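Using the hints, position chain E against chain X.
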Amino acid sequence: MEQKTTAWHEFSKGFVLENPLMKLMVGLCSSLAVSNRVENGIFMGIAVTFVLVFSNVIIASIRKRIPDQIRIPIFIVVIASFVTIVDLSMKAYFPAVYARLGVWIPLIVVNCIILARAEGYAYKNTVFNSFMDGLGMGIGYTCVLLIMGFIRELLGTGSIVMFNTRLVSLGPFNAPAIFILFPGAFLTFGCLMALLQRYEMRKKAALEVKKGAMAGTPAASEEVA
Amino acid sequence: MRKQIVHLGLTLFVVGLVAAVGLGLTYTATSKRIAEQDRLSEAKAAVDALPGVKSPSDLVAEPALARKARKAVPEVRKVYTTGRGTIITVESKGYGGPMLTAVGIDRDGKVAGAASISNKETIGLGSKALEPEFLKQFNGKDARSGIEAGRDIQAVTGATITSKAVVKQVRAALKAYSRIQ
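Residue numbers (numbering that gives the first Met the number 0), protein chains in the order written: chain X, 0 to 224; chain E, 0 to 180.
Bound conformation, chain E alone:
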């Protein structure tokens, strides 16, 4: 009886050990690339959010400003500055889960663009409120505009929740921007 238990335990142990080694190797082989991809997708959206910025290398990450902005607006994740303005990434809940959005603000404090970095919105419905067609409505708005879905921004039919969430994100970015000036 005892011998059998030891045998079962040992078998499971060996299987687990082989699996762990295999997974460890895969992880080492892919972790660098995964981190790189995450950084790239964020940088790409950040560039899309501020017209005129050509490559992610023009962006300067500002962790100190981000910390300052987060005190007033907890949704702020990162702040980048360039010669053309500021990019603020904001994370909040959408319809399907967390949405991370980059908002570009030009040097006059007006929204220059916005782009989704990652989201889990329903493809074909909520996702329409993260496409350039919808997002370009924010261009030129500033902190004094008091952006409101339905009044200033035409919400996407069938994607009211996502539309409103994006409006809130842009408002949050503008508020954060005014705090770090």
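Just chain X, with the same shape it has in the complex:
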């Protein structure tokens, strides 16, 4: 299967194909920690996407001037600057959210997703493609946080509360708080991974059947497999 390097591909590959959390499995630590509420997921997602997009763009635009030997320190300076900008702005304008996300915002500096995209993508690609890549990866990351946040908040507290309003409620029941604690993060993440694997295995199987039918002999598909 040939890879198309269109802008759309660079953008959309972060959703499922190369989703940073579900496929590349980088940046898991903070995502497991902050995904206990949907609202946290939104703000963490915005923060990470902002840093990803801007560090990708800056690094791609100066990539020809960066000497190879000192590229990592330069990446870190660029990333750390944008993280600090996010950190200060969030503290100033969203103090309540900042209080909950706490240490995870400054820790975006050492989030593998961002350094991995800088080193693995932005350093070798054009500014526009790097922008698309950062945006797509950021949105993919945010989506996983939102799904996990939804499951964990709903099961762990019995309702979804966003911006001080109750959106969904399961009614009066004793919610198992384990879901908003760390074990719940692992349980939810594991189940999501399993579901995605199942979906992809089925898709692959369906594709093979189709190929086999086209070749006319079922043996041909087995060889490929």
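Worth flagging that the hints you see were computed from the coordinates, not collected in a lab.
Computed from a predicted model, the values in this text were never measured in an experiment.
For every residue, glycine included, the Cβ atom is placed at its ideal position computed from N, Cα and C.
Warning: the hint list may mix true and false statements.
[To be verified] Restraint ranges, calculated between C-beta atoms of paired labels, are given here:
{"id": "1", "chain 1": "X", "residue 1": "186", "chain 2": "E", "residue 2": "11", "range": "40 to 46 Å"}
{"id": "2", "chain 1": "E", "residue 1": "92", "chain 2": "X", "residue 2": "157", "range": "28 to 34 Å"}
{"id": "3", "chain 1": "X", "residue 1": "16", "chain 2": "E", "residue 2": "73", "range": "34 to 40 Å"}
{"id": "4", "chain 1": "E", "residue 1": "153", "chain 2": "X", "residue 2": "170", "range": "33 to 39 Å"}
{"id": "5", "chain 1": "E", "residue 1": "55", "chain 2": "X", "residue 2": "71", "range": "45 to 51 Å"}
{"id": "6", "chain 1": "E", "residue 1": "141", "chain 2": "X", "residue 2": "102", "range": "48 to 54 Å"}
Quick look at chain E alone, frame taken from chain X:
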């Protein structure tokens, strides 16, 4: 060789310089608001701790009283007075890190309310011991009550450490209050 080292150093220097300027600008743009937010969240909790106080501007900060109280009770951070009583903020370690709590004491020396200013307690567990439901158990207690978790105060299930820490904070505030009278 030497030329290359100079080149590397200069590149890093320029990157660092640009980053520093950008950060400096962001800091100048946000520092005022951050200080304001910190003050607001403290004032809001202080108001919640003493029913009847309507706005943070009714509070008078008393640094001299706070210094005096700290000699006996080192956890005391700030002391505010109003016509309705005294608010003492206390900082000590909870389960997840430092907790800053405001305790309101009315003019009879009884606890009128308490509210958390900042904390790092586990959301959904420890944080329950910082919600009004739990904190209102302290209302009406005074220095002679000898507040004890489990006896006078029903600790929150799964949040024993935070519950006990809050009980200690209220006791500390009452002790500090008796020193500054």
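So does residue 153 of chain E sit 33 to 39 Å from residue 170 of chain X, Cβ to Cβ?
Once the Cβ atoms are compared, 25 Å apart, the range 33 to 39 Å for residue 170 of chain X and residue 153 of chain E is violated.
Given a hinted range of 45 to 51 Å, is it respected by the beta-carbon distance of residue 55 of chain E and residue 71 of chain X?
Since the Cβ atoms of residue 55 of chain E and residue 71 of chain X sit about 47 Å apart, the hinted range of 45 to 51 Å holds.
Residue 16 of chain X versus residue 73 of chain E beta-carbon gap, inside 34 to 40 Å or not:
violated, 57 Å
Residue 186 of chain X versus residue 11 of chain E beta-carbon gap, inside 40 to 46 Å or not
The hinted range 40 to 46 Å holds for residue 186 of chain X and residue 11 of chain E, with Cβ atoms some 45 Å apart.
28 to 34 Å as the expected CB spacing between residue 157 of chain X and residue 92 of chain E, which holds or is violated:
With Cβ atoms ~30 Å apart, the hint holds.
Does the Cβ-Cβ separation between residue 141 of chain E and residue 102 of chain X fall within 48 to 54 Å?
violated, 38 Å
In summary, the structure is inconsistent with hints 3, 4, 6 from the numbered list given earlier, while agreeing with the others.
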